[in-house]
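Trainee: Sequence:
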Amino acid sequence: MGEKSTDELLKILRSKQNFDEYLREEPAFYTGKMEDELAELLTKKNLKKAEIIKRSGLDRTYGYQIFSGIRKPTRDKLLALGFGMGLTVEEMQRLLKVSEYPALYVKNKRDSIILFCLDKEVSLIETNELLYEMEEAAIE
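When we follow my numbering, the leftmost residue of the sequence shown carries the number 756, and every step to the right adds one.
Derived from the structure by calculation, the hints contain no laboratory data.
It cannot be assumed that every hint is accurate.
As the list claims (entries may be wrong) - The calculated BS3-like cross-link candidates involving lysine-lysine, where the alpha carbons are at most 30 angstroms apart (straight line), are:
no.	residue 1	residue 2
1	Lys799	Lys809
2	Lys800	Lys832
3	Lys852	Lys759
4	Lys864	Lys771
5	Lys864	Lys852
6	Lys799	Lys852
7	Lys771	Lys800
Claimed, not checked - Quick list of simulated restraints, FRET-style, between CB atoms:
no.	residue 1	residue 2	range
8	Arg779	Phe871	33 to 43 angstroms
9	Asp791	Val861	43 to 53 angstroms
10	Met889	Thr843	37 to 47 angstroms
11	Glu780	Ser867	16 to 26 angstroms
12	Arg815	Tyr887	24 to 34 angstroms
13	Glu776	Ser878	29 to 39 angstroms
14	Arg779	Thr843	41 to 51 angstroms
15	Asp874	Lys803	21 to 31 angstroms
16	Lys771	Tyr887	46 to 56 angstroms
17	Glu776	Leu885	12 to 22 angstroms
18	Ile767	Ser823	15 to 25 angstroms
19	Lys803	Lys771	37 to 47 angstroms
All values reported here derive from a predicted model rather than from experimental measurement.
Glycine included, each C-beta is placed from N, C-alpha and C at the ideal position.
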């Protein structure tokens, strides 16, 4: 069985009489580091940092600093990296959460455009074009 959804976890949390009981049964907290998650994705997808940095449009030095954990990128820079890596919606959501950023929210127009483009495996450039057409801020 895979990861439980947020709704499932909330239902379980509400059913418990005390928090310790919940912790014993559901220790499902994100505890990873952004750089570890990025390294895992690199390995999983058999990608090279240089390729990703180039596709994401980030400055080379800044990109390497993100991968090494020296710099924490903005949410948009992380989204750009995700597009450069060709992440799925699920992989992007996890990367955002591990990096302590809000997940993409389908009820937010800009986020829903980004989710649509991730799902359709659209490039960062094409995503930014669609964002522009819809009068939303580009991923920078």
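Trainee: State for each hint whether it applies.
Mentor: Against the structure, the hints come out as follows:
1. Lys799 <-> Lys809: 19 angstroms, holds
2. Lys800 <-> Lys832: The given pair, whose Cα atoms are some 20 angstroms apart, holds under the 30 angstroms limit.
3. Lys852 <-> Lys759: Holds, because 15 angstroms separates the two Cα atoms, which is no more than 30 angstroms.
4. Lys864 <-> Lys771: With a Cα-Cα distance of about 36 angstroms, the restraint between Lys864 and Lys771 is violated, given a limit of 30 angstroms.
5. Lys864 <-> Lys852: 20 angstroms, holds
6. Lys799 <-> Lys852: At roughly 19 angstroms apart (the allowed maximum being 30 angstroms), Lys852 and Lys799 satisfy the hint.
7. Lys771 <-> Lys800: At roughly 39 angstroms apart (the allowed maximum being 30 angstroms), Lys800 and Lys771 break the hint.
8. Arg779 <-> Phe871: 33 to 43 angstroms: For Phe871 against Arg779, whose Cβ atoms are near 40 angstroms apart, the range 33 to 43 angstroms holds.
9. Asp791 <-> Val861: 43 to 53 angstroms: 27 angstroms, violated
10. Met889 <-> Thr843: 37 to 47 angstroms: 22 angstroms, violated
11. Glu780 <-> Ser867: 16 to 26 angstroms: 34 angstroms, violated
12. Arg815 <-> Tyr887: 24 to 34 angstroms: 25 angstroms, holds
13. Glu776 <-> Ser878: 29 to 39 angstroms: 47 angstroms, violated
14. Arg779 <-> Thr843: 41 to 51 angstroms: Violated: the Cβ-Cβ distance is about 32 angstroms, outside 41 to 51 angstroms.
15. Asp874 <-> Lys803: 21 to 31 angstroms: 25 angstroms, holds
16. Lys771 <-> Tyr887: 46 to 56 angstroms: The hint (46 to 56 angstroms, Cβ to Cβ) holds, given that Lys771 and Tyr887 are roughly 47 angstroms apart.
17. Glu776 <-> Leu885: 12 to 22 angstroms: Given range 12 to 22 angstroms: violated, Cβ gap about 46 angstroms.
18. Ile767 <-> Ser823: 15 to 25 angstroms: 37 angstroms, violated
19. Lys803 <-> Lys771: 37 to 47 angstroms: Holds - the Cβ-Cβ distance for Lys803 and Lys771, about 45 angstroms, lies within 37 to 47 angstroms.
Going through the hint list in order, the structure does not satisfy hints 4, 7, 9, 10, 11, 13, 14, 17 and 18.
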